[in-house]
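A.B. asks: The lines below spell out each chain.
Protein chains: 4
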Amino acid sequence: MIIIMKMGAGEERIQEVVAQVEELGFQAHLSRGEERTIIGVIGDERPVSPHVFELMEGVERTVPILQPFKLASRDFKPEDTIIPINGMRIGSREVTVMAGPCAVESREQMLEAAWAVKEAGVRILRGGAFKPRTSPYSFQGLGKEGLEILGEVKEETGLAIVTEVMAPEDVPLVARYADILQVGARNMQNFSLLHAVGESKMPILLKRGMMATLEELLMAAEYILSHDNYRVMLCERGIRTFEKYTRNTLDINAVPVLKGLTHLPVIVDPSHGTGRWELVGPVARAAVAAGADGLLIEVHPHPQRALSDGAQSLRPERFAQLMKELRRVAEAVGREIKLQTPNSKLQTSIPSMGG
Amino acid sequence: MIIIMKMGAGEERIQEVVAQVEELGFQAHLSRGEERTIIGVIGDERPVSPHVFELMEGVERTVPILQPFKLASRDFKPEDTIIPINGMRIGSREVTVMAGPCAVESREQMLEAAWAVKEAGVRILRGGAFKPRTSPYSFQGLGKEGLEILGEVKEETGLAIVTEVMAPEDVPLVARYADILQVGARNMQNFSLLHAVGESKMPILLKRGMMATLEELLMAAEYILSHDNYRVMLCERGIRTFEKYTRNTLDINAVPVLKGLTHLPVIVDPSHGTGRWELVGPVARAAVAAGADGLLIEVHPHPQRALSDGAQSLRPERFAQLMKELRRVAEAVGREIKLQTPNSKLQTSIPSMGG
Amino acid sequence: MIIIMKMGAGEERIQEVVAQVEELGFQAHLSRGEERTIIGVIGDERPVSPHVFELMEGVERTVPILQPFKLASRDFKPEDTIIPINGMRIGSREVTVMAGPCAVESREQMLEAAWAVKEAGVRILRGGAFKPRTSPYSFQGLGKEGLEILGEVKEETGLAIVTEVMAPEDVPLVARYADILQVGARNMQNFSLLHAVGESKMPILLKRGMMATLEELLMAAEYILSHDNYRVMLCERGIRTFEKYTRNTLDINAVPVLKGLTHLPVIVDPSHGTGRWELVGPVARAAVAAGADGLLIEVHPHPQRALSDGAQSLRPERFAQLMKELRRVAEAVGREIKLQTPNSKLQTSIPSMGG
Amino acid sequence: MIIIMKMGAGEERIQEVVAQVEELGFQAHLSRGEERTIIGVIGDERPVSPHVFELMEGVERTVPILQPFKLASRDFKPEDTIIPINGMRIGSREVTVMAGPCAVESREQMLEAAWAVKEAGVRILRGGAFKPRTSPYSFQGLGKEGLEILGEVKEETGLAIVTEVMAPEDVPLVARYADILQVGARNMQNFSLLHAVGESKMPILLKRGMMATLEELLMAAEYILSHDNYRVMLCERGIRTFEKYTRNTLDINAVPVLKGLTHLPVIVDPSHGTGRWELVGPVARAAVAAGADGLLIEVHPHPQRALSDGAQSLRPERFAQLMKELRRVAEAVGREIKLQTPNSKLQTSIPSMGG
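Protein chains in written order, with the numbering used here: chain U, 1 to 355; chain Y, 1 to 355; chain Z, 1 to 355; chain H, 1 to 355.
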């Protein structure tokens, strides 16, 4: 941390700050500039609140030097974390596409969707049993029944399952059916939930809050990693801005920024990131071109009848077409989307830190 | 709901939409304009997803007509809801100030803070036992021990307690010690928690998410009200914008907007809304002048030693001075902040819907 | 400026940076921390681009130490700048209300508005002859004819005039009729215009851009001040956020922040800051309570017939009522809004730097 | 336009609104819903201010039906506008890359940059002679001298020139040297300038304001088009959000949205859109994958010595490498970036509306 003194702060004020720095067990290092004196705090500053200094007389402000996240940083773990799921290696040269309906509505709907996305080359099926909805009057998901449907569909199709968990007490239940636990955007800073999914040791898809900075996203991941659960995927799904034409503004910059800051895989959700099915294709292609490790795409056999997010869901035939386009873009940037669909039933993934 | 057809959408497309409207049990009402045809949907549209129509051929977009919230609206309940707590009547002509430290740190700290704010005229003490923190490396609150301290302080000083609950399973525990349950900004759309606090029948202080529109705040309240728990206070605590000088941007417009849309009391938190103690006074005065029904202010006996939010906490003597200023502003706008401190121990508030 | 080296940056990298610092004529000052080395640059850093260092190998980032604005800062000029206009002293203990229609529409409309606001105690009339409009199909203002109307109204009523200038070449023309030149929000960073109004030596009302930080507002003021024109008022008029219920989000925090950072008077425009007439009163009261030096309020004799901004304009009788309320709030915070209307014709203001 | 009446608005209120609609020369069309009556206004609503109705008693709000832009819309002109410049056809199947330094600093710098980008396949050189800078203490551009340098470089290399014009009175001067006039983000709503560049009949590169919605961008284009100047390119260059890690947030959604709404070519500026050279490559690839018609990229022979925007400028060798990557991505999405560099001197482009 660096402490910047006010213009004209006298020697006494400076010595008080130095004394406080030393009292906290750090070393102080002074630079006397033309207008201001600055005091460097030498040591691991993370546990110290900057207001300890900011409230002292003569102090103008403080500047943190260290990144607040540690386990999530490339400084801590330079090589990419690779998460094996159902024969895919998320975070490797392969680009992983996860697809399926927003919500589990019925066995028939899920099976139809599952076979369709599998046919297009997908090995991980999405589908929500617990649905966070802005309005109490909207469809809230099938809950446990939805999980059971997911279990049956997984059994039948061999697809792995990614599904959202909304409350700490539901983690064990959801973990019984899912291969990846999704923490939704609205819960990115639900710290009780972050602890619970960390404890679960399951692979986690952590969605960026719609008004969370990238630093906050990495701090949320840090909560999970601190339980020694390193199988965390970060998901950019659009942020909230003043622009009203799209539901959210997909932050494409986030992809290369995160790839630089962290070793964790970066997934993009172009469905929520745009909110309109006709924009999903172009933005999905952009995400792959920008270096995303995977995509999360809403596909519904009958979007018009969907109980949620129909407006942003692709029909299966459009999705199959998109998969072909994505393969070409992936190749153009030196990546790969595997063609063959898995013949075997679900392959159990072996937990391992990174790869 | 109104459905706006694309320019040049043919008669066949229009009839398909009309048929769909009628199939869903509504009446359709056509207006043929010069460039576009619009179709009115007559009936309670709230349970219908607009994408049912938006995905039909020839449809450009839909426009909702009804406000999505119902129980929270003035249309539903025109008169102000008044919530009696410890001799105060929140939502009445009185302006209610709640104050205290960000976090419960120790029995001594809480008692010192409690007597100081009581001395200044406050009857409701704030203090967090469960603390949502961006970083897993920051102080996370004392938990159950913190609640017990709050219980003792309440017993000793006669102050009522407002404190945050972060997880549904903690609601019964927190309710044992608190007079008002606070739902924090990061949990405004933690729907499991909203259901749980609704069920508790306790008075609720619902903080606006830093990313939440006023409509979303009212929808979150609607979750609680739908459990027939009408004792909900809405709290504006600053939203996230591009401005970097302050921690958040306090949305002062929210005060008169909410007072117009809803019957629920509106509280303002100038401490989080600014993030800097030297701004708390001016913004607190502004909130009262704008018509807020109450304030939530961080006061700490020794801000420099505070384990969280020290930079935005007032010292007791500054707070006492601010209370005097607030009284003058309240009077200038035809409101009142009661002078005398309560002699008696905590008065039990009788649950009642509104006033 | 402080230069933060990457973790593990070697001695060679550090010495290269030191050499570059010294080559630019500064002194370098090293602090070797546990994880990173930081290098202080001693001297006036303002003219140096940080990328000179940021692009060097081994450098992580740089942190500016000095505020980028100088003439506008309280460090440079601690006492409040007071701008005398038509018998008012803007920036003093008095709170100055400027009011009138958004646009000059006709001689009759302006006269009616002028007498109404004068009656309510106002001495400075607003009214736009040049109107920046989002759409080329909207009313664009009467231009020169509008200025002539303003001139006549000023002559007849003795009110001073504040009106917008949109292009550098119009500055001399507008200056002939106006007492205060307004630079609109959309032109806050129209640097050619800032130079021109600086050169004019006229009092300037500089509106904050709807997505400008406070630092950028102060830098825009700095352009004007650098022409030795110190009669600059800063105007908070709402910023653009995600909230859709109001036209803009009035940043009430800006008032005490600016009063702390700069000696220039701070004006608030609750009409644009809310966009709805029914919110203007509460927010105007809030602005005075927060410490604003003045208000800019849209008043129209017949809002429904207004050619622009009708929805946010007050009728004269509501405005007169508001003036009474504002007086009470001003007194409650130790300020004053003068009661008596001026009998005399326009008093010429004598240019002077600050007070 | 649709007028939504308040719940419970009586027949008298409804008839007053109908009378007002008809007085303005429109037809009124009533739908009586369960909770509210809505009134359709039939006719071209664009010139009518909604507040005419919004201020009437009993009216809750109004909803516009028509898009506010006309000439820029696909409804008006369905086929893509193609703008021929120096042998390129901007807006066609080709993707056009424009590149060069942020600012003209010297003849040597510009020539070095020009030959480098030409070598990489570029035919349009960027470089600013007039520079809008946040601080009056930063380099403000060489002005007329800079234009003369651009003229010489154009003569020598055969590259076409895109350069910014900041003030209406400079348009004729800049037009003498430039092939494309750039309107910068800060001037997107400088309406005097929009009129002047419209009048010039030159090709225009119109940058989206950092605070502007896509609708406002299209309205700004409408100003230019209304002068019968159809050679307008829209440029997404990042918007301002709460995210602090990048200078701006590039709105990748804008590319497919604009391609859907308008016939004008869409250019992306990944240099300003990210603010960091290491992010330019991934985001440039994303823009092409999303369907952009062109890119505007900052390239500087010696970024470290650049007088502005050095941190986001690519070195020539990195840029040459990026051009190869972009070609592969363009092909993957069915587009093309031409390989051969032009042997001939500048080919004069023939003004024509669209293609």
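Think of the hints as simulated: they come from the structure by calculation, not from any bench.
Keep in mind that a hint or two might mislead.
What the hints assert, rightly or not - Taking CB as the label site, the calculated pair distances span:
1. U:H227 x H:W115: 31 to 41 Å
2. Y:R107 x U:K144: 39 to 49 Å
3. H:G10 x Y:R46: 21 to 31 Å
4. Y:Y137 x U:P172: 21 to 31 Å
5. H:G10 x Y:L24: 21 to 31 Å
6. Y:Y137 x H:K144: 53 to 63 Å
7. H:K144 x Z:E16: 32 to 42 Å
8. U:K324 x Y:E57: 22 to 32 Å
9. Z:E22 x U:Q27: 43 to 53 Å
10. H:K201 x Y:R74: 29 to 39 Å
11. U:E60 x Y:M56: 55 to 65 Å
12. H:P64 x Y:M56: 42 to 52 Å
13. H:P64 x Y:R74: 21 to 31 Å
14. Z:E145 x H:K201: 26 to 36 Å
As the list claims (entries may be wrong) - Within a straight-line C-alpha distance of at most 25 Å, the following computed SDA-like cross-link-like pairs (lysine to any residue) qualify:
15. Y:K244 x Z:K77
16. H:K244 x H:D228
17. U:K244 x Y:E215
18. Z:K6 x H:R305
19. H:K244 x U:R74
20. Z:K70 x U:E54
21. Z:K201 x Z:E169
22. Z:K6 x H:K244
23. H:K338 x U:R61
24. U:K201 x U:G151
25. Y:K6 x U:H302
26. H:K6 x Y:E152
27. H:K324 x Z:R335
28. H:K244 x Z:H302
29. Y:K324 x Z:E331
30. U:K201 x U:N229
31. Y:K338 x Z:V333
32. H:K118 x H:K244
33. H:K77 x Y:R32
34. Y:K6 x Y:E60
35. U:K6 x Z:R335
36. Z:K244 x H:P47
37. Z:K244 x Y:K338
38. H:K6 x Z:V333
39. Y:K338 x Y:G158
40. Y:K201 x Y:A175
These figures come from a predicted structure and were not determined experimentally.
A virtual CB, placed ideally from N, CA and C, is assigned to each residue, including glycine.
A.B. asks: Next step is simple, just say for each hint if it's right about the structure.
C.D. replies: Each hint, compared with the structure:
{"no.": "1", "hint": "U:H227 x H:W115: 31 to 41 Å", "in the structure": "violated, 56 Å"}
{"no.": "2", "hint": "Y:R107 x U:K144: 39 to 49 Å", "in the structure": "holds, 43 Å"}
{"no.": "3", "hint": "H:G10 x Y:R46: 21 to 31 Å", "in the structure": "holds, 25 Å"}
{"no.": "4", "hint": "Y:Y137 x U:P172: 21 to 31 Å", "in the structure": "holds, 27 Å"}
{"no.": "5", "hint": "H:G10 x Y:L24: 21 to 31 Å", "in the structure": "holds, 30 Å"}
{"no.": "6", "hint": "Y:Y137 x H:K144: 53 to 63 Å", "in the structure": "holds, 56 Å"}
{"no.": "7", "hint": "H:K144 x Z:E16: 32 to 42 Å", "in the structure": "holds, 38 Å"}
{"no.": "8", "hint": "U:K324 x Y:E57: 22 to 32 Å", "in the structure": "holds, 25 Å"}
{"no.": "9", "hint": "Z:E22 x U:Q27: 43 to 53 Å", "in the structure": "violated, 25 Å"}
{"no.": "10", "hint": "H:K201 x Y:R74: 29 to 39 Å", "in the structure": "violated, 55 Å"}
{"no.": "11", "hint": "U:E60 x Y:M56: 55 to 65 Å", "in the structure": "holds, 60 Å"}
{"no.": "12", "hint": "H:P64 x Y:M56: 42 to 52 Å", "in the structure": "violated, 22 Å"}
{"no.": "13", "hint": "H:P64 x Y:R74: 21 to 31 Å", "in the structure": "holds, 26 Å"}
{"no.": "14", "hint": "Z:E145 x H:K201: 26 to 36 Å", "in the structure": "holds, 29 Å"}
{"no.": "15", "hint": "Y:K244 x Z:K77", "in the structure": "holds, 24 Å"}
{"no.": "16", "hint": "H:K244 x H:D228", "in the structure": "violated, 40 Å"}
{"no.": "17", "hint": "U:K244 x Y:E215", "in the structure": "holds, 15 Å"}
{"no.": "18", "hint": "Z:K6 x H:R305", "in the structure": "holds, 21 Å"}
{"no.": "19", "hint": "H:K244 x U:R74", "in the structure": "holds, 19 Å"}
{"no.": "20", "hint": "Z:K70 x U:E54", "in the structure": "holds, 23 Å"}
{"no.": "21", "hint": "Z:K201 x Z:E169", "in the structure": "holds, 15 Å"}
{"no.": "22", "hint": "Z:K6 x H:K244", "in the structure": "holds, 19 Å"}
{"no.": "23", "hint": "H:K338 x U:R61", "in the structure": "violated, 52 Å"}
{"no.": "24", "hint": "U:K201 x U:G151", "in the structure": "holds, 19 Å"}
{"no.": "25", "hint": "Y:K6 x U:H302", "in the structure": "holds, 22 Å"}
{"no.": "26", "hint": "H:K6 x Y:E152", "in the structure": "violated, 51 Å"}
{"no.": "27", "hint": "H:K324 x Z:R335", "in the structure": "violated, 66 Å"}
{"no.": "28", "hint": "H:K244 x Z:H302", "in the structure": "violated, 45 Å"}
{"no.": "29", "hint": "Y:K324 x Z:E331", "in the structure": "holds, 14 Å"}
{"no.": "30", "hint": "U:K201 x U:N229", "in the structure": "holds, 5 Å"}
{"no.": "31", "hint": "Y:K338 x Z:V333", "in the structure": "holds, 19 Å"}
{"no.": "32", "hint": "H:K118 x H:K244", "in the structure": "violated, 34 Å"}
{"no.": "33", "hint": "H:K77 x Y:R32", "in the structure": "holds, 23 Å"}
{"no.": "34", "hint": "Y:K6 x Y:E60", "in the structure": "holds, 5 Å"}
{"no.": "35", "hint": "U:K6 x Z:R335", "in the structure": "violated, 30 Å"}
{"no.": "36", "hint": "Z:K244 x H:P47", "in the structure": "holds, 23 Å"}
{"no.": "37", "hint": "Z:K244 x Y:K338", "in the structure": "violated, 36 Å"}
{"no.": "38", "hint": "H:K6 x Z:V333", "in the structure": "violated, 38 Å"}
{"no.": "39", "hint": "Y:K338 x Y:G158", "in the structure": "holds, 16 Å"}
{"no.": "40", "hint": "Y:K201 x Y:A175", "in the structure": "holds, 10 Å"}
Of the numbered hints given earlier, the model fails hints 1, 9, 10, 12, 16, 23, 26, 27, 28, 32, 35, 37, 38; all others are met.
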